[in-house]
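K.L.:
Chain by chain, the residues run as shown.
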Amino acid sequence: GMRSAVSAARRAATAAAAASTISTGGGQAAALSKADSTSLRARAKALKHIDEFPEIYPDFVQSPVWNRRIPLRESLERADMLERRMQLDVPEFYVGSIVAVTTTAAYLGAKEHRFVGICIRREKPGLLHQFTLRNVIDGQGVEVMYELYNPTIRKIETLKLEKRLDSDLSYLIDAHPEYSTVDPHMEPVAHPAGTPVPVNQMKVKLRPPPWTRRWEVIGPAGVANAWEDATPWYKRKFHKTKVNDYEKYDLIAAYRTGSTLEHELKVEEEMQEFERQRHAAGLTRRRIFRSASAAK
Amino acid sequence: MSRVGGEVFSLTRSFSSRHLSNATLPTIQAAVGHIPQKLKTNGIEPNRRARLEVLRKIVTRLVREERAELQWNRAVEARPYLERLIQLAVEKGPSDEYTNEMVEWWLPEPGLDYKLYEVIAPRFVDRPAPFTGLYRLPSKRLEQYIQNKRIFWKRYEIGVLEIEGNPFPAVVSPPHTNNSHLLLNQLLKKSLQSRLNTLEKKE
Numbered sequence: 001g002m003r004s005a006v007s008a009a010r011r012a013a014t015a016a017a018a019a020s021t022i023s024t025g026g027g028q029a030a031a032l033s034k035a036d037s038t039s040l041r042a043r044a045k046a047l048k049h050i051d052e053f054p055e056i057y058p059d060f061v062q063s064p065v066w067n068r069r070i071p072l073r074e075s076l077e078r079a080d081m082l083e084r085r086m087q088l089d090v091p092e093f094y095v096g097s098i099v100a101v102t103t104t105a106a107y108l109g110a111k112e113h114r115f116v117g118i119c120i121r122r123e124k125p126g127l128l129h130q131f132t133l134r135n136v137i138d139g140q141g142v143e144v145m146y147e148l149y150n151p152t153i154r155k156i157e158t159l160k161l162e163k164r165l166d167s168d169l170s171y172l173i174d175a176h177p178e179y180s181t182v183d184p185h186m187e188p189v190a191h192p193a194g195t196p197v198p199v200n201q202m203k204v205k206l207r208p209p210p211w212t213r214r215w216e217v218i219g220p221a222g223v224a225n226a227w228e229d230a231t232p233w234y235k236r237k238f239h240k241t242k243v244n245d246y247e248k249y250d251l252i253a254a255y256r257t258g259s260t261l262e263h264e265l266k267v268e269e270e271m272q273e274f275e276r277q278r279h280a281a282g283l284t285r286r287r288i289f290r291s292a293s294a295a296k
Numbered sequence: 001m002s003r004v005g006g007e008v009f010s011l012t013r014s015f016s017s018r019h020l021s022n023a024t025l026p027t028i029q030a031a032v033g034h035i036p037q038k039l040k041t042n043g044i045e046p047n048r049r050a051r052l053e054v055l056r057k058i059v060t061r062l063v064r065e066e067r068a069e070l071q072w073n074r075a076v077e078a079r080p081y082l083e084r085l086i087q088l089a090v091e092k093g094p095s096d097e098y099t100n101e102m103v104e105w106w107l108p109e110p111g112l113d114y115k116l117y118e119v120i121a122p123r124f125v126d127r128p129a130p131f132t133g134l135y136r137l138p139s140k141r142l143e144q145y146i147q148n149k150r151i152f153w154k155r156y157e158i159g160v161l162e163i164e165g166n167p168f169p170a171v172v173s174p175p176h177t178n179n180s181h182l183l184l185n186q187l188l189k190k191s192l193q194s195r196l197n198t199l200e201k202k203e
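First to last, the protein sequences are chains A and B. The first sequence finishes on residue 296 if you use UniProt numbering, and the numbering steps up by one all the way, no holes. The second sequence finishes on residue 203 if you use UniProt numbering, and the numbering steps up by one all the way, no holes.
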């Protein structure tokens with residue numbers, strides 16, 4: 001007891017002599033952690049970071065609502081998502097790509113149902129991620145919303161990999177039907193590996209109003225002269241709307257709802273570690289982390 | 001009608017944001033709250049536009065002067081905007097379309113975009129974030145108006161917002177490396193030494 005007390009006292013005395021026990025307070029900037037952008041960049045290079053991560057994996061991006069970003073819940077959901085992606089091959093597809101989804105249908109003779117259409121929306125983060133396909137069948141517009149992690153989905157195929165000018169093609173419902181008609185028996189178009197995903201520059205012509213939304217105010221890039229074709233009756237009705245296009249200059253509003261590099265690197269590391277474990281176990285050769293434009 | 005405007009705003013953002021710039025940027029090293037704070041706008045109708053105009057005035061002034069004394073709440077609110085603008089200039093540079101659009105709007109004075117790209121951004125190529133510093137000053141009591149020979153005062157919380165690496169002397173002098181001369185450290189040292197001596201004597 002005595003010996004240990006002496007050694008503790010000696011240690012304390014030397015520490016007090018060596019270091020300054022009371023330090024003067026620094027500014028607020030010093031209190032914040034210093035992010036080393038060079039080390040982040042090095043980590044991104046080591047992980048072969050995909051620049052289009054939020055577009056390829058919108059389900060792995062954090063919620064745009066801050067108080068729904070719960071680290072524990074997110075990590076549990078990610079574990080489930082990775083497990084599911086090992087069972088089901090989820091190919092790379094974007095809003096504007098032509099996608100075929102095969103689902104189990106217990107009451108159909110074939111026991112399964114295949115739907116082909118243009119992907120018009122990808123929404124919601126995590127296990128709740130949804131995507132919507134649109135096609136015109138027998139002159140009738142059909143939109144089917146699929147939950148990506150619904151266990152009744154058997155197969156997802158990307159028949160044509162491409163992007164459009166917008167990240168939401170909801171306006172196709174108000175466009176002429178030829179813009180959303182896809183052949184349900186179309187052959188897949190191969191994407192040459194290592195080339196960037198093409199952006200289809202198509203401008204869609206809308207039907208005259210009424211529309212589901214105010215496309216002339218929203219002004220999506222992929223819509224051609226929405227306002228010119230409107231009849232005077234609609235122009236009179238709507239000309240008083242307040243347009244607040246200055247909102248796009250709110251840097252921090254965009255920052256709040258957007259993704260961050262740190263989160264993306266964390267998820268990429270998890271994905272790669274998960275793949276490595278599964279490949280080492282010799283159970284599968286399937287890869288989750290990949291991108292058509294970055295492939296060799 | 002303003003409610004309709006709000007809906008349109010949220011739609012517009014979800015439609016356009018994803019194609020603006022490709023690679024995601026790191027988090028900014030300034031405190032960002034999850035709700036934008038309201039700012040007083042001196043007679044202009046207080047709306048989101050007026051708030052952005054107040055912030056734009058502060059950001060422009062800071063890029064021009066590199067250090068400014070502001071009301072504390074405005075400095076806190078303006079800091080992330082300045083931080084993000086400098087981050088865009090450092091990471092993306094003038095060749096990026098989105099960065100150029102933002103710099104053009106946030107720095108309307110001629111020559112300031114040049115200063116941001118050519119003077120401020122090169123400073124931070126090898127230097128880690130944060131690119132800005134925020135310090136609190138003692139609050140100030142300022143005369144407001146005189147009514148019935150009585151003077152009315154108002155107390156303002158003041159903060160100093162600055163861009164790091166500016167040519168001015170430091171707001172807070174660098175901490176002493178050796179504090180062993182301070183009274184408390186001397187007393188601690190002596191007491192520990194005497195305790196050690198008594199323990200060794202007992203042995």
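Quick caveat, the hints were computed from the structure, so don't treat them as lab data. There may be inaccurate statements among the hints.
Said to hold, decoys possible - 30 Å max Cα-Cα, derived DSS-like pairs, lysine-lysine: (1) 266(A) with 237(A); (2) 154(B) with 38(B); (3) 201(B) with 163(A); (4) 140(B) with 48(A).
To be verified - Some but not every residue of chain B turned toward chain A, in silico, with C-beta under 10 Å: (5) 48; (6) 49; (7) 126; (8) 147.
Just so we're clear, the structure is a prediction, and the values are computed from it rather than from any experiment. For glycine and all other residues, C-beta sits at the position ideal for the given N, C-alpha and C.
K.L.:
So which of the earlier hints does this model not fit?
P.N.:
1, 3, 4, 8
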